[in-house]
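Those protein sequences? They're chains E and S, same order as listed. Per my numbering, residue 171 is the first one in the first sequence, and the count goes up by one each step. Per my numbering, residue 60 is the first one in the second sequence, and the count goes up by one each step.
Watch out, some of these pointers could steer you wrong.
[Claimed, not checked] Below, a list of computed lysine-lysine pairs in the DSSO-like style, where the Cα atoms sit at most 27 Å apart:
#, chain 1, residue 1, chain 2, residue 2
1, E, 518, E, 406
2, S, 150, E, 541
3, S, 150, E, 459
4, E, 371, E, 406
5, S, 167, S, 150
6, S, 225, S, 204
[Said to hold, decoys possible] Taking CB as the label site, the calculated pair distances span:
#, chain 1, residue 1, chain 2, residue 2, range
7, E, 540, S, 164, 36 to 46 Å
8, E, 519, S, 224, 35 to 45 Å
9, S, 220, E, 384, 50 to 60 Å
10, E, 554, S, 105, 48 to 58 Å
Simulated from the structure, these hints should not be mistaken for laboratory data. Idealized CB from N, CA, C, for every residue including glycine.
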Amino acid sequence: MANEQRLAAMTGNEAVAHALRQIDPDVIAAYPITPQTDIVQYYSQFVSDGLVKTEMVTVESEHSAMSATIGASAAGARAMTATSSQGLALMWEMLHIASGYRLPIVMPVVNRALSGPINIHCDHSDTMGALTTGWIQIYAESAQEAYDNAIQAVRIAEDPRVLLPTMVCDDGFITSHGIENVSLLPDEVVKGFVGEYKPSKFLLNISDPVTVGPLVLPDYYTELKFQQAEAMKAAKQVILEVAEEYAKISGRKYGLFEEYKMDDAERVVVVLSSAAGTAKAVVNQLRAKGEKVGLLKPRVLRPFPAEELVAALSGAKAVAVMDRAETFSTQGGQLFTELRAAFYDAPKRPLMRGYVFGLGGRDTTVREIGKVFEDLRGDLERGSVSEKYTHLDVRV
Amino acid sequence: MSDLVEIRWHARGGQGAKTASALLAESAMSAGKFVQGFPEYGPERMGAPILAFNRIGDEPITIHSNVEEPDVVMVLDPTLIGPVDVTEGLKDNGILLVNTSQSPAEVKQKIGKDVKVATVDASAISLATIGRDIPNTPMMGALLKLVSILPFEKFLETVKEDLTRKFHGRMNIVEGNLMAMRRAYEEVQVG
Numbered sequence: 171m172a173n174e175q176r177l178a179a180m181t182g183n184e185a186v187a188h189a190l191r192q193i194d195p196d197v198i199a200a201y202p203i204t205p206q207t208d209i210v211q212y213y214s215q216f217v218s219d220g221l222v223k224t225e226m227v228t229v230e231s232e233h234s235a236m237s238a239t240i241g242a243s244a245a246g247a248r249a250m251t252a253t254s255s256q257g258l259a260l261m262w263e264m265l266h267i268a269s270g271y272r273l274p275i276v277m278p279v280v281n282r283a284l285s286g287p288i289n290i291h292c293d294h295s296d297t298m299g300a301l302t303t304g305w306i307q308i309y310a311e312s313a314q315e316a317y318d319n320a321i322q323a324v325r326i327a328e329d330p331r332v333l334l335p336t337m338v339c340d341d342g343f344i345t346s347h348g349i350e351n352v353s354l355l356p357d358e359v360v361k362g363f364v365g366e367y368k369p370s371k372f373l374l375n376i377s378d379p380v381t382v383g384p385l386v387l388p389d390y391y392t393e394l395k396f397q398q399a400e401a402m403k404a405a406k407q408v409i410l411e412v413a414e415e416y417a418k419i420s421g422r423k424y425g426l427f428e429e430y431k432m433d434d435a436e437r438v439v440v441v442l443s444s445a446a447g448t449a450k451a452v453v454n455q456l457r458a459k460g461e462k463v464g465l466l467k468p469r470v471l472r473p474f475p476a477e478e479l480v481a482a483l484s485g486a487k488a489v490a491v492m493d494r495a496e497t498f499s500t501q502g503g504q505l506f507t508e509l510r511a512a513f514y515d516a517p518k519r520p521l522m523r524g525y526v527f528g529l530g531g532r533d534t535t536v537r538e539i540g541k542v543f544e545d546l547r548g549d550l551e552r553g554s555v556s557e558k559y560t561h562l563d564v565r566v
Numbered sequence: 060m061s062d063l064v065e066i067r068w069h070a071r072g073g074q075g076a077k078t079a080s081a082l083l084a085e086s087a088m089s090a091g092k093f094v095q096g097f098p099e100y101g102p103e104r105m106g107a108p109i110l111a112f113n114r115i116g117d118e119p120i121t122i123h124s125n126v127e128e129p130d131v132v133m134v135l136d137p138t139l140i141g142p143v144d145v146t147e148g149l150k151d152n153g154i155l156l157v158n159t160s161q162s163p164a165e166v167k168q169k170i171g172k173d174v175k176v177a178t179v180d181a182s183a184i185s186l187a188t189i190g191r192d193i194p195n196t197p198m199m200g201a202l203l204k205l206v207s208i209l210p211f212e213k214f215l216e217t218v219k220e221d222l223t224r225k226f227h228g229r230m231n232i233v234e235g236n237l238m239a240m241r242r243a244y245e246e247v248q249v250g
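Just chain E, same shape as in the assembly:
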C-alpha cells in the first residue's frame, strides 16, 4: 500500500532538505559549509516561505550549531542540524555531549574530506573519525536513500529504547550535488510516520523537573556509558523495525546492509555509499560473463552489525573491503579492520583484503572496481591474499 509519490529530478541536498521540511522540526540551528550548504539554504527558503514552523537559528560556527541544537533538544524540542567535514570536526566535543545526554538529534552529514591539505570533495574521513562519539551512523548510496534515511532516523533516534543522536551520511558532491530521480512521499504521510515528538523527560517540563548535564563522578559514570552502549545494541532491532514500517509507506526496503547478487557469490566487494552503486554496475557486467561476484553495501556502521555481516559473507571465498578514509593505523581502513575482527570467532573465514580509495573526491570508476574483483580472482587462484591492504588508484 505504497503511497502516491512525487517523482522529481533533484540533488541529494535538495532531497534531504525536503525530508527535513516534511519532518518540520521545532528547531534547526545550522552553519553553512560546502558541500552541505544547499540543505541549510533550501531550508531557510522554506522558513521564509512559511512552509515550516521551525525556529531557525543561524549561528556563528558549527560548535555553536551543535550546542544550540543540544540546548533545544534538552529543552524538549525536536532539534536538528546538518554539516560536513571541518564543521563536524569543530563540533567534536559537543557530539559526545549530545550522545551522553541521550538527546535524539538527527543530523545529515554530507561526507567531505578533512583538511589538510584543504579539499572540498568526498571521502569519509569526517564521519569515520566520529564512530566513537556515541552517534548512530547510517549511510546512503543515492539521493533517494539520503531522503529515506533522514526520515527514518527521526523514529530511530527518538525510540525510547534508543534515545541516541543519529547521523545520516551521504557523499559530498557525488550525491549532494548530482541530479537524479527521487520519489518524494506526500507531506502528510511523512508527518504521520515521524509523529509528534513527545519526550518523556525535558527541561521545560516544570511539573517533572530534571537536571541535564550534572557532574557525574566515578560512582556513576561507568553505568551511564554502559547504558549508552546498551542503547546502541537496542538500536539494531529498532532500525530494522523502522525500516519495515517505512517499507509499508514507501515501497522501499532497507536493512542493516544491502546484499546485491550475493546468493552464490564467491568474490565479494564490501563498500559504503555512492561507490556501492558503481560496484553494482561492475557486478552486473561480471555476472553477464557468468562470474560469481556480489556486493555487500553496509548501511548502518553504528551500531556495527558484526554477526549479521559475518553471516551474510559466510558463503564468500574472497572479500575486498573498501574504505573511503585512511586510519593511519597502518592496518587498513576502519570498516576493513572491524569486519576482520568480526570474523575472529567465525568457523569459516574468507580471504580478506582492504583498499583505501576515493580520497578527497578521487573518482572511483567501473574500471577501478573491476580491478578489485580481478585482485580477488588472483587471491582465490593463489589461495592467499597478495597484499593485505593497499591504496586503490595511487601514484607511488
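Given chain E, put chain S in place with the hints provided.
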C-alpha cells in the same frame, strides 16, 4: 542497460554546461526516463575548461562516477578542441557534437581522428532567437536529432514546463529557447 546514453559536455565556466546538464536531466525525467546530471566540480573559474555529464536510460542508474566512455560528447566552445582532448574515451560508434559554424568535415580534419562529427552553429542560433550567446539549449535540440533518447516534441513540452517554472513565466525567454532548440534540431549537420 544497453539503452543507457552517456553524455559528456565540454565548455568554459559560465557557458551554461552545468545548467544544460541539469535541464536535460530534469526534462528527460519528466518524460519518464531515469537520469543523472552533474558537473565535475573543480575550480569554477569563468572561462576555464569544465566538464559536465549526463546519463539517461530506461532503468535505474547506479553508477556514480564521471562518464569515461561517452556515447555523445557535446562541445559548447570550439576553442577547446586542441587544448582539450574532447574525443577521449568516445565510444567507437559515438558522436562528437560541436557548436561551430564549421562543417563536420572541417572539424574532423582539425581533430585528425576518424570519429563521427556533427556540427551546429548554436551560438548564432541563440543570438538570433534568445538574443544572447548561450548555446546550451540549442545544443540540446541538436542532441535530440542525433540520439533517440526521447521523441523531440515530447521533450520540448517538458522543457517548456521546466523553463516556464525557472523563468517565472517570462514567456519571451522560454519561447526563444524553444525556437533555438527547434532550429538546432533542423540545422545540425552530420558528417
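Hints and how they fare:
no.: 1; hint: 518(E) to 406(E); result: holds (24 Å)
no.: 2; hint: 150(S) to 541(E); result: holds (21 Å)
no.: 3; hint: 150(S) to 459(E); result: holds (21 Å)
no.: 4; hint: 371(E) to 406(E); result: holds (23 Å)
no.: 5; hint: 167(S) to 150(S); result: holds (16 Å)
no.: 6; hint: 225(S) to 204(S); result: holds (25 Å)
no.: 7; hint: 540(E) to 164(S): 36 to 46 Å; result: holds (37 Å)
no.: 8; hint: 519(E) to 224(S): 35 to 45 Å; result: violated (56 Å)
no.: 9; hint: 220(S) to 384(E): 50 to 60 Å; result: holds (58 Å)
no.: 10; hint: 554(E) to 105(S): 48 to 58 Å; result: holds (54 Å)
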